[in-house]
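The listed protein sequences correspond, in order, to chains A and B.
Position one of the first sequence corresponds to residue 15 (the working numbering), numbered consecutively onward.
Position one of the second sequence corresponds to residue 17 (the working numbering), numbered consecutively onward.
I should point out that these hints are in silico values taken from the structure, not numbers from a laboratory.
Possibly wrong hints are sitting among the right ones.
[As the list claims (entries may be wrong)] 35 Å max Cα-Cα, derived DSBU-like pairs, lysine-lysine:
{"no.": "1", "chain 1": "A", "residue 1": "28", "chain 2": "A", "residue 2": "173"}
{"no.": "2", "chain 1": "A", "residue 1": "120", "chain 2": "A", "residue 2": "173"}
{"no.": "3", "chain 1": "A", "residue 1": "34", "chain 2": "B", "residue 2": "51"}
{"no.": "4", "chain 1": "B", "residue 1": "51", "chain 2": "A", "residue 2": "158"}
{"no.": "5", "chain 1": "A", "residue 1": "65", "chain 2": "A", "residue 2": "121"}
{"no.": "6", "chain 1": "B", "residue 1": "51", "chain 2": "A", "residue 2": "121"}
{"no.": "7", "chain 1": "A", "residue 1": "126", "chain 2": "B", "residue 2": "51"}
{"no.": "8", "chain 1": "B", "residue 1": "51", "chain 2": "A", "residue 2": "190"}
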Amino acid sequence: MGPNRARALAQALKVTDAHKVNLTYNRLDPGTGKMLMESINPQITDLNLEKNSLGINNVFVDALVKHLDRHDNCLQSLNLSQNRVTDKHVESIVNILTETKNDCLKKLKLAKNRLTCDAAFALRDLYKLYNGAVLENLDLSNNKIYLPGALAIAEIVKKDPITLRVIDLSWNLVSKAPPKNAKEEE
Amino acid sequence: MRRKLMKKQSKHFIDVEPEALFGEKWGEALAFNTKLLHLDLSFNRIDFYNTRALATALPENTTLFGLHYTGNMGRIDSLGYLHTIEKSFF
């Protein structure tokens with residue numbers, strides 16, 4: 015989807031009363047994503063943006079954070095799989111969830127990105143700082159999460175009360191220590 | 017003499033159990049947790065010792081509905097128990 019079509023869609027999203035938006039595999043770049051995010055109806059509950067390129071820079075995530083900051087937002091399911099999302103982006107999302115004491119977001123899919131243990135630490139901090147997190151489904155498959163990150167997720171699992179029902183950590187290296195030059199490898 | 021020494025060293029190496037931190041910590045967490053329904057750990061190259069540690073603690077948990085463990089050194093039997101295996105397909 016090019017910028018012209020995205021602009022037209024953005025106009026439609028402003029007035030639609032749809033609750034689910036699926037924009038999978040549309041070659042959306044961060045600029046286009048930002049435009050869509052700024053015009054999206056706050057009543058939307060399910061946003062699927064899988065297989066795009068929204069995480070190349072911070073532009074889209076900043077717009078997403080603004081959307082999550084809105085008091086009338088009721089996003090329950092967010093799919094950012096295969097979007098080149100980084101740890102910093104996850105930290106931004108987690109920060110806004112903590113700050114706004116979000117009690118809507120139940121499903122967060124971050125599969126096939128470039129996430130490392132730092133993303134897992136950020137998610138652990140969400141539960142440390144905010145007891146009311148209602149996340150039920152967490153997908154971190156196909157990332158680069160090593161032992162320290164897996165132990166951080168285990169801390170979440172051990173926490174009581176916990177709302178998490180489904181955790182996907184497949185295709186990582188959760189029992190291995192991170193390589194010494196992990197940062198360079200990324 | 018050298019061969020004997022190598023054999024002794026390799027035997028010693030096998031006897032020493034490596035740290036199974038992942039299995040122990042996740043075992044503790046799962047033994048405590050009563051809410052988690054589905055956990056996918058497939059294709060993580062989890063070794064024999066970590067699998068054994070996890071398998072020891074797992075019977076404590078009676079609420080986990082599905083555990084995916086393909087691609088690690090373990091298998092789930094028809095009753096839902098985790099068992100270690102010698103070789104995996106990774």
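For each hint, the structure was consulted:
{"no.": "1", "hint": "28/A <-> 173/A", "verdict": "40 Å, violated"}
{"no.": "2", "hint": "120/A <-> 173/A", "verdict": "17 Å, holds"}
{"no.": "3", "hint": "34/A <-> 51/B", "verdict": "27 Å, holds"}
{"no.": "4", "hint": "51/B <-> 158/A", "verdict": "26 Å, holds"}
{"no.": "5", "hint": "65/A <-> 121/A", "verdict": "17 Å, holds"}
{"no.": "6", "hint": "51/B <-> 121/A", "verdict": "16 Å, holds"}
{"no.": "7", "hint": "126/A <-> 51/B", "verdict": "26 Å, holds"}
{"no.": "8", "hint": "51/B <-> 190/A", "verdict": "26 Å, holds"}
When each numbered hint is compared with the structure, a violation occurs for hint 1 only.
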